[in-house]
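**Q** Protein chains in written order, with the numbering used here: chain E, 39 to 353; chain U, 679 to 946; chain X, 158 to 487.
Please note: incorrect hints may appear among the correct ones.
[To be verified] Examples of chain U residues toward chain E, derived with CB under 8 Å:
no.	residue
1	LEU705
2	PHE718
3	VAL793
4	ILE796
5	ALA797
6	PHE809
7	HIS858
8	ALA877
9	GLN894
10	PRO897
11	MET900
12	ALA917
13	VAL921
14	LEU926
[To be verified] Partner residues aside, some chain U positions facing chain E, computed with beta carbon under 10 Å:
no.	residue
15	TRP740
16	SER803
17	ARG836
[What the hints assert, rightly or not] Computed Cβ-Cβ distance ranges for the label pairs, DEER-style:
no.	chain 1	residue 1	chain 2	residue 2	range
18	E	ILE319	U	GLY744	28 to 38 Å
19	U	LEU856	E	VAL163	32 to 42 Å
20	E	LEU341	U	ALA694	55 to 65 Å
Hints in this document: simulated from the structure, not taken from any laboratory.
Small disclaimer: the values here were computed from a predicted structure and weren't measured.
Glycine included, C-beta positions come from ideal geometry on N, C-alpha and C.
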Amino acid sequence: MTQVQPAHFTSAGGIGTRLSDILWRHPRLLIALLLLPPALWLGVIYLGSLFALLAQSFFSIDHFTGLVKYEFTLSTYAQLIRPSNFDIILRTVVMAFCVSLTSAVISFPIAYFAARYARGAWRAVFYLGIMMPLWSSYLVKIYAWKLILAKEGILTWALQKLHLEWVLDAFLALPVIGGNSLSVSTAGTFIVFVYVWLPFMILPIQAALERVPPSMLEASGDLGATPAQTFRHVLLPLALPGVVAGSIFTFSLTLGDYIIPQIIGTSRLFIGQAVYQHQGIAGNIPLAAAFAMVPIAIMGLYLWAAKRMGAFDAL
Amino acid sequence: MHSDRAPLTLKIAAAAGLLFMHLPILLIFAYAFTTEDQSFQWPPPGLTLKWFAVTWNRPDVWAALGLSLKVAAISTAMALVLGTFCAAAVSRSRFFGRETVSLMVILPIALPGVVTGIALRSAFSIAEIPFSTWTIVLGHATFCVVVVYNNAVARFRRTSGSLIEASMDLGANSFQTLRHVILPNIATALLVGGMLAFALSFDEVIVTTFTAGQQQTLPIWMLEELVRPRERPVTNVVAMIVVLVTLLPILGAYYLTRGTDQVAGQGK
Amino acid sequence: MSAVTFNDVSRHFGAIKAVDAVSLDIAEGEFFAMLGPSGSGKTTCLRLIAGFERPTAGDIRIFAQPVQDLPPYKRNVNTVFQDYALFPHLNVRDNVAYALMIAGQGRRERYRAAQEALEMVQLAGYDLRKPSELSGGQRQRVALARALVNKPRVLLLDEPLGALDLKLREQMQEELKSLQRQLGITFVFVTHDQGEALSMADRVAVFDHGKIIQTGTPEDIYFRPEVPFVADFVGSSNVLPAALVAQLAGESRPASIRPERLILGAEGRIRARVTGLSFLGLATRVSLDAQGTRLTALLPQDAPRPAPGDEVGVGWNADDLHLMTAGAGA
Chain E
39 MTQVQPAHFT SAGGIGTRLS DILWRHPRLL IALLLLPPAL WLGVIYLGSL FALLAQSFFS
99 IDHFTGLVKY EFTLSTYAQL IRPSNFDIIL RTVVMAFCVS LTSAVISFPI AYFAARYARG
159 AWRAVFYLGI MMPLWSSYLV KIYAWKLILA KEGILTWALQ KLHLEWVLDA FLALPVIGGN
219 SLSVSTAGTF IVFVYVWLPF MILPIQAALE RVPPSMLEAS GDLGATPAQT FRHVLLPLAL
279 PGVVAGSIFT FSLTLGDYII PQIIGTSRLF IGQAVYQHQG IAGNIPLAAA FAMVPIAIMG
339 LYLWAAKRMG AFDAL
Chain U
679 MHSDRAPLTL KIAAAAGLLF MHLPILLIFA YAFTTEDQSF QWPPPGLTLK WFAVTWNRPD
739 VWAALGLSLK VAAISTAMAL VLGTFCAAAV SRSRFFGRET VSLMVILPIA LPGVVTGIAL
799 RSAFSIAEIP FSTWTIVLGH ATFCVVVVYN NAVARFRRTS GSLIEASMDL GANSFQTLRH
859 VILPNIATAL LVGGMLAFAL SFDEVIVTTF TAGQQQTLPI WMLEELVRPR ERPVTNVVAM
919 IVVLVTLLPI LGAYYLTRGT DQVAGQGK
Chain X
158 MSAVTFNDVS RHFGAIKAVD AVSLDIAEGE FFAMLGPSGS GKTTCLRLIA GFERPTAGDI
218 RIFAQPVQDL PPYKRNVNTV FQDYALFPHL NVRDNVAYAL MIAGQGRRER YRAAQEALEM
278 VQLAGYDLRK PSELSGGQRQ RVALARALVN KPRVLLLDEP LGALDLKLRE QMQEELKSLQ
338 RQLGITFVFV THDQGEALSM ADRVAVFDHG KIIQTGTPED IYFRPEVPFV ADFVGSSNVL
398 PAALVAQLAG ESRPASIRPE RLILGAEGRI RARVTGLSFL GLATRVSLDA QGTRLTALLP
458 QDAPRPAPGD EVGVGWNADD LHLMTAGAGA
């Protein structure tokens with residue numbers, strides 16, 4: 039340990055060392071090099087496509103030739119508020135709202151149990167119990183519900199065994215939400231939406247609840263609150279950012295989905311289907327683009343409001 | 679006072695919720711063995727294994743599976759590169775906002791898939807790019823970046839920045855540091871992110887319908903069977919296999935992230 | 158010969174002047190402490206020596222060689238990090254031998270060197286443990302062995318004892334001191350703990366707001382602070398405001414006096430009222446109010462104690478009053 043070393047190593051090193059020297063001298067160069075590929079990919083290709091789409095929504099289609107007229111117009115947006123199109127938007131938003139609300143109600147007990155009581159092996163059970171449905175194939179989940187809701191399917195069979203088929207018949211006879219069978223009713227669409235997006239609601243609520251220290255609930259009880267009061271005045275306000283964060287997913291996913299209502303539901307359209315059909319079958323890209331702007335605008339407003347409520351901390 | 683025993687009503691509600699989430703998937707497994715081939719009749723009139731053999735001999739299923747695996751593999755590789763680069767840049771920079779990068783990578787998954795899909799499709803048609811495996815990959819890699827990024831950024835955050843300085847202090851240049859310190863420390867995070875990205879791509883259908891043209895990935899094959907059922911028994915078998923195949927990476931990701939506070943599925 | 162020289166070195170982050178025109182000179186073989194509150198620039202100075210930061214202006218030399226353009230991996234200077242920065246994926250032996258592995262030494266050679274370094278820090282036998290299986294004190298020793306294995310000419314220590322508990326910290330202070338004497342390497346030590354700096358270092362530089370405000374031996378710093386900040390930071394010295402000193406000593410400058418040098422009695426240079434007493438075991442601390450100036454006196458165990466509210470005289474030997482250079486009291 040007594041051998042005297044030089045103040046610096048003069049080994050010039052290979053090309054690696056020389057490149058490292060440059061990066062050390064220009065620390066921002068490294069960051070720029072790292073960000074360049076993703077910026078090109080996401081910033082230029084992806085955002086570029088989105089802006090091109092936005093631009094197309096301000097063109098219109100010539101109904102005689104079927105070609106796009108490249109002139110600025112707001113006519114596609116005027117078409118959106120025609121009753122037939124506005125109905126589609128309204129139906130989708132109401133559906134998204136109902137789906138979000140129902141998901142939140144079903145999610146809460148699962149998330150609360152997982153966050154507060156699940157320990158050891160149960161923790162793993164809950165974790166996988168939420169993750170596996172989340173990551174199971176989207177189409178398979180829809181398919182499973184087609185099997186369940188079909189007229190000859192398991193639900194009808196179970197109700198027959200219980201001699202309750204009159205309940206189903208009465209339900210299907212209801213206007214708007216009813217239909218020939220559940221698999222061709224708006225109620226069926228609703229059930230499948232709730233089912234498919236449920237895990238997206240559970241996870242943020244669970245994350246929010248995990249941040250509530252148990253001592254806080256004990257303090258509330260200690261101060262004389264009944265469990266119901268504790269829930270109302272302590273737990274719910276603290277879980278709310280999680281609910282809002284979860285509803286960002288459920289709302290956005292419902293607004294943009296076109297496959298679920300196509301497979302399970304009536305012939306009444308949702309926004310996603312309208313986009314798909316105007317783009318594909320009708321070839322009316324400007325109108326499809328304008329329709330696509332609706333979920334973007336709604337989600338923009340929603341995210342802005344959620345950010346003000348601090349919901350992003352629960353993501 | 680709150681004890682550590684859950685109230686009965688909470689237990690029942692939580693259990694019912696979990697059952698609601700799992701029973702439909704289990705039902706798929708039962709249907710794969712039914713002898714009924716025309717309707718969704720329950721209970722199955724009889725059980726058979728013959729549909730597995732039928733499915734095995736279907737070239738269209740194999741072709742779709744092959745394309746899905748190919749697309750998922752390439753998209754995952756690209757997402758790994760892009761996501762890791764983003765995460766590294768954010769962790770290395772004192773000035774650059776994490777929020778800007780996060781917003782950029784989360785956008786493709788935060789916006790409805792139909793928007794991403796139609797935007798890419800109209801861009802392809804404007805640029806006159808013909809549909810190919812690469813157009814599908816382009817869409818998939820775009821939304822797979824976020825899962826890799828989330829995992830990598832969390833790992834970089836937990837990996838002390840002084841490790842890199844320690845390595846350079848001990849004589850290693852940037853590339854030696856990358857090889858001997860950075861990669862070994864983020865390897866499992868990348869593996870997890872990669873597996874999740876693979877699962878995400880393997881299952882994607884909404885964006886793919888816009889970017890695939892006439893090509894069939896496995897989800898597209900299933901979608902067509904759902905819209906216009908031709909052979910229900912084969913669909914049943916494929917559905918069961920798809921469930922099993924997507925669960926493998928999820929279980930793997932869970933196994934690797936056990937004991938950390940990371941949630942493997944975050945950001946799907 | 159100077160080990161480390163700073164000539165008007167600055168490191169600015171935008172508008173923040175982390176290090177502002179600092180000049181210093183650390184002699185070879187010296188145990189040098191950089192003392193200051195957090196954000197005072199001491200750690201940035203250390204990082205400038207290691208090469209993790211580059212100066213915005215000025216000239217840094219290590220053994221007379223300019224190092225501005227030398228990245229960390231080309232400087233023969235090693236660092237013990239505040240959080241130890243042990244590589245979590247490598248065991249203790251590979252952590253210690255890392256520098257030698259990078260330098261291209263063979264496995265046997267570098268493991269023998271690692272073995273020696275571990276013996277030096279009394280951790281022989283821990284070779285195959287992972288850092289996560291060690292206690293805080295053991296990690297600290299591994300970090301030390303890893304930094305020393307390459308035989309650096311300057312060892313940098315960034316608050317290395319901060320994470321240890323009191324007893325272990327005192328033990329490590331002793332060990333570091335004797336290790337430094339034994340190896341004869343220049344140690345540059347960053348700390349916010351004035352006791353640590355005074356007990357270990359040959360010389361101390363006190364930092365505040367990116368500048369060095371006083372450099373000197375521990376005795377200089379303790380008994381002869383040049384500015385009120387040093388008097389205040391280094392220990393709870395009494396600072397007499399310039400106006401009071403003008404009446405007493407005829408010079409309008411602030412002055413400092415150690416609490417243990419104040420003499421309480423019926424007579425004195427100034428009068429004060431006792432506002433509080435606290436028993437410290439070996440001594441009693443008396444809080445005083447002398448017409449608005451707060452003073453603290455330490456009375457030996459056997460001295461007569463006043464009662465709160467008493468009017469007392471406060472005196473001192475003229476030698477113990479230390480006049481300072483800078484403006485009004487802190």
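**Q** Now, for every hint given, state plainly whether the structure supports it.
**A** Each hint, compared with the structure:
no. : hint                               : verdict
1   : LEU705                             : holds (5 Å)
2   : PHE718                             : holds (4 Å)
3   : VAL793                             : holds (5 Å)
4   : ILE796                             : holds (5 Å)
5   : ALA797                             : holds (4 Å)
6   : PHE809                             : violated (14 Å)
7   : HIS858                             : violated (12 Å)
8   : ALA877                             : holds (6 Å)
9   : GLN894                             : violated (13 Å)
10  : PRO897                             : holds (5 Å)
11  : MET900                             : holds (5 Å)
12  : ALA917                             : holds (5 Å)
13  : VAL921                             : holds (5 Å)
14  : LEU926                             : violated (10 Å)
15  : TRP740                             : violated (18 Å)
16  : SER803                             : holds (8 Å)
17  : ARG836                             : violated (17 Å)
18  : E:ILE319 with U:GLY744: 28 to 38 Å : holds (29 Å)
19  : U:LEU856 with E:VAL163: 32 to 42 Å : holds (39 Å)
20  : E:LEU341 with U:ALA694: 55 to 65 Å : violated (32 Å)
Of the numbered hints listed earlier, those contradicted by the structure are 6, 7, 9, 14, 15, 17 and 20.
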